[in-house]
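A.B. asks: Each chain, written out:
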Amino acid sequence: MIEDIKILEAVERYISGQMSPDERVYFEQLRKTNPDIDQMVVEHTFFLQQMNRFDETRKLKNNLAETHIHLSEKGLIRSPRLKGKAKVIYLYNRYKKVSAIAASIAGITALTFSALVWSVSPEKTANKSDIVNLSRDIQSISQKVGEIEKKSQEMDEKITQVTTPATDLPIQYKSGGTGFLVDAKGYIVTSEHVIQNARNIAVQAFNGPDLPATVVFRDAARDIAILKITDKNFKSPGTIPYHIRRSGADIAEPIFTLGFPRNDIVYGEGYLSAKTGYRGDTLTCQITVPANRGNSGSPILNFNGEVIGILSGKQSNAEGAVFAIHSKYIVNAINELQKDSAHQLIKLPSASQLKNAERQQQVKKIESFVYMVKVD
Amino acid sequence: MKLDNNENALLQGLARNDKRAIESIYKDNYNLIQALVINNNGNSEDAKDIFQEAMIVLFEKVRSGDVTLNCQVRTFIYSVSRRLWLKRLMTMNRFQVAEGHEEMVSVDEEMEEHEKRNNDFLIMEKAMGGLGEPCKSLLEAFYLQKKSMQDIASGFGYTNPENAKNQKYKCLMRLKKLFFSQYKNESP
Chain A
6 MIEDIKILEA VERYISGQMS PDERVYFEQL RKTNPDIDQM VVEHTFFLQQ
56 MNRFDETRKL KNNLAETHIH LSEKGLIRSP RLKGKAKVIY LYNRYKKVSA
106 IAASIAGITA LTFSALVWSV SPEKTANKSD IVNLSRDIQS ISQKVGEIEK
156 KSQEMDEKIT QVTTPATDLP IQYKSGGTGF LVDAKGYIVT SEHVIQNARN
206 IAVQAFNGPD LPATVVFRDA ARDIAILKIT DKNFKSPGTI PYHIRRSGAD
256 IAEPIFTLGF PRNDIVYGEG YLSAKTGYRG DTLTCQITVP ANRGNSGSPI
306 LNFNGEVIGI LSGKQSNAEG AVFAIHSKYI VNAINELQKD SAHQLIKLPS
356 ASQLKNAERQ QQVKKIESFV YMVKVD
Chain B
35 MKLDNNENAL LQGLARNDKR AIESIYKDNY NLIQALVINN NGNSEDAKDI
85 FQEAMIVLFE KVRSGDVTLN CQVRTFIYSV SRRLWLKRLM TMNRFQVAEG
135 HEEMVSVDEE MEEHEKRNND FLIMEKAMGG LGEPCKSLLE AFYLQKKSMQ
185 DIASGFGYTN PENAKNQKYK CLMRLKKLFF SQYKNESP
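Quick mapping for you: the protein sequence lines, in order, are chains A and B. 6 is the number of the first residue of the first sequence in our numbering; add one for each residue after it. 35 is the number of the first residue of the second sequence in our numbering; add one for each residue after it.
It should be emphasised that the hints constitute simulated quantities derived from the structure, not laboratory data. Glycine included, C-beta positions come from ideal geometry on N, C-alpha and C. What you were told as hints is all true, and nothing was included just to trick you.
Below, in silico cross-link-like pairs of lysine to aspartate or glutamate (EDC-like), each with a Cα-Cα straight-line distance of 20 Å or less:
| hint | chain 1 | residue 1 | chain 2 | residue 2 |
| --- | --- | --- | --- | --- |
| 1 | A | LYS11 | A | ASP43 |
| 2 | B | LYS210 | A | GLU14 |
| 3 | A | LYS66 | B | GLU79 |
| 4 | B | LYS180 | A | GLU61 |
| 5 | B | LYS170 | A | GLU17 |
Calculated from the model, a selection of chain A residues having no Cβ within reach of chain B, i.e. all distances over 10 Å:
| hint | residue |
| --- | --- |
| 6 | ALA15 |
| 7 | LEU35 |
| 8 | THR38 |
| 9 | PRO214 |
| 10 | ALA225 |
| 11 | THR244 |
| 12 | ARG284 |
| 13 | PRO295 |
| 14 | ARG298 |
| 15 | ALA347 |
| 16 | PRO354 |
| 17 | VAL368 |
| 18 | VAL380 |
Sequences are here, hints too, so could you generate the full structure?
C.D. replies: This is the structure:
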């Protein structure tokens, strides 16, 4: 093996041109007479070239990746910016050097400063009173901090005072069960509270059979759940005619809904009355539309056939105050669900096919996509 | 079309893997390619992949000494990206990319060369990945970072350069074996 190592070393020195002229002549002679050596030179040259190319391309790839992040963070290219963890890592890498320099400057300053203080301090014993003053200042500062804390405590108390009666108020969101398809492969959106304590879930299209379904996504905070029909007999009713709106809706925008407050599908019409929900909740909006037990999870559509929300409940002590979860949270929920490889093919309907159609036509098209959700 | 001096300087910079040149070419051309990909059933992530691969094709071209591009950088990148995206779409069973108004050039040779090089890259990447430590770092230090055997021996904790040399030899043989077993299988 020592022989082999020596030969390899010679080959490498030959390739990189490190041989003296005499040595080179000798080696070239050897190459001519010994085909094995010749073969080795050819092969090794090729291999080193491959390694160098690999290294160059790898460096380029790293440079490109960094450049992309850098330019999109600066807004110089129209690519989405980083979020969350990736951004922290990017910023860390970017400012690593700067912060190291900053830290060392801070260190130097601190050293110089303390040196200065040390060299000055023996002469100035009179400074003592200053120090006392300073510490008193600190004390008064800490007093102030204490006051602030007290104040914020008081505020907390006030807030609890505000919120406690609220829990006593008899707000009972009436639960029920309606859902609607968001992907023709059998994904149904409904309110989370509808299926909250469910053991078995079945969905039923108007005049259709019961189809077993399972919960594939739930978000109690946003009151959204996504069900997947598991029944093999489920046949997609076709392309979903409505579109899920990503942006907010406008006050006074006319709306309608379809739901199952009883064993028949019921149409309701109204308008968006406030952009926020109960007590200014930004998750929901307030709508004025007839709603009864069983309407929870109903789609709220505008007249262009865009879903703008999910009906989630109503305030029992106020007339006509019904609340709906903003449709953008459906989009968010679907995005979350897509991260799960089993559901990554889920796709929201792309465009509304209901624009400019008569209301009766719109309802006729939509009704086969709205399901009664049954829970035991 | 004649290249202006600025573009020539950028290409020379790219050949040296110079960050500023890369950033400049990136900034001036990325949006065009993103629009192409997004308008043809892609998303911004696809656009990034396609654009960066086109940059690699351009790099390979200028790196091989062919700094005389016979068209503008923009035209070259667009032509390559379009080909790359069309190829990607074909693997997804879609066959059309809408015609744009951009000027185009033939990039058949470059695409063929790139395919081969990309293949080589993947084989080497796999071989390096299968090598394990400390072999990988040892070979990279010697062959890529061009460190001396003396430095490597002290850096990797070998008692003397001879030991490091022995180890390096063994590692190289393993890497070559890994590389050529794949390379010979894949190339005719």
